[in-house]
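**Q** Here the numbering used here is used: the first residue of the sequence shown is 5, the next is one more, and so on.
It is worth saying that the hints were derived from the structure and are not from the lab. Fair warning: this is a prediction, and the values are worked out from it, not measured in the lab. Where a beta carbon is used, it is the ideal one built from N, C-alpha and C, also for glycine. It is possible that part of the hints are untrue.
Restraint-style ranges between C-beta atoms, simulated for each label pair [said to hold, decoys possible]:
{"id": "1", "residue 1": "R212", "residue 2": "L111", "range": "33 to 39 Å"}
{"id": "2", "residue 1": "S118", "residue 2": "K156", "range": "45 to 51 Å"}
{"id": "3", "residue 1": "N424", "residue 2": "D82", "range": "31 to 37 Å"}
{"id": "4", "residue 1": "I445", "residue 2": "L317", "range": "52 to 58 Å"}
{"id": "5", "residue 1": "L203", "residue 2": "F462", "range": "43 to 49 Å"}
Within a straight-line C-alpha distance of at most 25 Å, the following computed PhoX-like cross-link-like pairs (lysine-lysine) qualify [what the hints assert, rightly or not]:
{"id": "6", "residue 1": "K295", "residue 2": "K427"}
{"id": "7", "residue 1": "K420", "residue 2": "K220"}
{"id": "8", "residue 1": "K420", "residue 2": "K364"}
{"id": "9", "residue 1": "K227", "residue 2": "K416"}
{"id": "10", "residue 1": "K290", "residue 2": "K157"}
{"id": "11", "residue 1": "K420", "residue 2": "K295"}
{"id": "12", "residue 1": "K365", "residue 2": "K295"}
{"id": "13", "residue 1": "K89", "residue 2": "K290"}
{"id": "14", "residue 1": "K156", "residue 2": "K89"}
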Amino acid sequence: MKFDTKEFFRLSFIYTLVVALPPMLNLIIRPLIEGDNLLNASDFSQIEIAETLISLAFIFTTFAMKIAISRFYYDYVDNTRDYNKLISTVFNSILFRGVVLLVPAYLFQDQIGSLFSQEALQDFGTYGFAAILIGVSRSINVTAFALYRNEKKVRLFLTLGFGVGLLRSGFQLVGVFYYDMSFIGYVYGTLIGNWAISLIILIYTYTRSGFHYDRKILRPVNKFAFPLFEYALFAWGINFADRYFLESSPVALGIYSQALILGRGIDIVMQGIQGASQPEFFSMMKEGIEKNTEGIRRVSNVMMAQNQVLIGLAIIPAMLYCLIFKTELQYAAGFIAIVFARYIPRMQYTVFSMPVYYEKKTKVFLWLNLGGLIVNLFLLYFLVPRYEAYGAITAILVSQVLLAVGIYLYQKSVIKIPWNFSKLFSYPLFIVILTALLEVIKIKLGLDPFITASIVVFAIFGSLLILYKNELQTALQKIWKRS
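All chains, please: the whole structure from these sequences, using the hints.
**A** Listed below in structure tokens is the structure:
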């Protein structure tokens with residue numbers, strides 16, 4: 005199978021545009037709801053804790069079905085009857101897990117609320133059930149979009165993807181200004197916007213595939229997904245534990261969370277890149293690694309290069325964006341470069357994970373992320389009380405690098421793919437280390453964060469020019485000949 009570069013970039017652009025819309029709209033909404041007599045850094049810290057709970061509910065109810073449905077698509081696509089059963093069963097399993105999660109949340113709502121120090125967060129019943137339902141709707145939406153990517157239903161993917169972004173953002177504004185000028189209004193607005201699309205997806209799914217819950221079909225799917233669920237649970241601890249450690253310092257968490265929100269936009273766009281590459285990658289592996297070695301290398305290199313270009317282009321605009329705010333949130337500009345750097349090892353982890361997913365060797369993710377979680381919690385416990393946000397950043401950065409190194413070493417023993425080590429590993433890791441060193445220098449010397457961030461951007465594009473010099477020369481020659 006020949007790797008179609010033009011088709012890859014076309015789909016990558018489409019998928020990235022769709023998944024990037026919600027965070028882009030969030031960038032518009034945040035300044036509108038922030039300021040005097042509006043929401044401040046403490047309010048945004050509460051939004052971040054609610055998002056932490058939403059993410060946990062999302063992981064539990066999804067149960068790795070986004071990846072599972074993408075992988076088992078290839079096993080059932082040629083059998084219409086069983087394929088329809090698979091699709092319907094997967095969505096019913098998500099709804100079932102949502103109900104299962106709501107019951108203990110209701111019974112232990114007081115105990116859950118007591119885990120927090122902020123008074124607004126202690127009343128779990130006012131926002132917690134809504135957070136869980138948002139997690140369920142996000143599970144439905146994300147799993148459906150993964151399915152539509154495999155089915156190449158681009159128009160449906162676009163329509164529903166844009167619908168989620170527009171409706172969610174619109175109802176968030178309505179919730180804050182007309183329901184409750186606090187994080188509560190924001191949460192309930194998100195709930196209504198998300199479920200408007202989820203209901204459409206469920207109606208479409210049951211109309212097309214019928215209503216099924218086939219345990220025989222679900223058994224191998226769950227067996228595949230369970231280690232990934234455990235991995236996701238540990239990954240949630242790695243990526244969200246820092247919020248809990250900072251929760252007792254609302255202003256610090258609010259500032260830090262603003263940088264994370266912008267970083268989350270990077271993460272979501274990366275999902276679009278992964279969404280375009282995963283079907284291509286799996287198809288090439290199905291036809292044979294030796295036959296498609298060059299294609300596998302190219303799609304992997306393109307993923308890594310897109311990641312770094314995205315980060316390099318986003319750093320300075322994100323910092324300038326932070327200066328729009330009227331409250332302490334403007335100080336988030338100083339964290340942007342180092343927060344964005346964490347998504348370089350995250351993409352490395354994604355690339356080296358794909359062969360492992362295809363070979364269904366998913367148990368390794370449990371042990372890798374358990375180790376990463378232990379390291380993360382250890383560092384958070386000792387660093388956050390002293391360094392606050394920088395302690396949290398250090399913990400997550402170290403954890404992400406260790407995970408990237410770990411999955412790289414493991415996949416080498418599973419499958420033999422001659423990766424380009426410089427493009428995928430050594431040069432990207434150099435950017436991460438350089439960013440961390442510049443952050444230390446910035447703090448010690450009191451430098452303007454725009455100076456050190458500009459050096460990082462220069463280093464990113466300089467390294468890409470070195471790595472992809474031949475490809476760029478070939479592309480320029482083709483353009484020159486056409487002109």
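**Q** Take the hints in turn and mark each one as holding or not.
**A** A quick look at each hint next to the structure:
| no. | hint | result |
| --- | --- | --- |
| 1 | R212 <-> L111: 33 to 39 Å | 37 Å, holds |
| 2 | S118 <-> K156: 45 to 51 Å | 49 Å, holds |
| 3 | N424 <-> D82: 31 to 37 Å | 35 Å, holds |
| 4 | I445 <-> L317: 52 to 58 Å | 23 Å, violated |
| 5 | L203 <-> F462: 43 to 49 Å | 48 Å, holds |
| 6 | K295 <-> K427 | 22 Å, holds |
| 7 | K420 <-> K220 | 33 Å, violated |
| 8 | K420 <-> K364 | 15 Å, holds |
| 9 | K227 <-> K416 | 23 Å, holds |
| 10 | K290 <-> K157 | 21 Å, holds |
| 11 | K420 <-> K295 | 13 Å, holds |
| 12 | K365 <-> K295 | 22 Å, holds |
| 13 | K89 <-> K290 | 23 Å, holds |
| 14 | K156 <-> K89 | 20 Å, holds |
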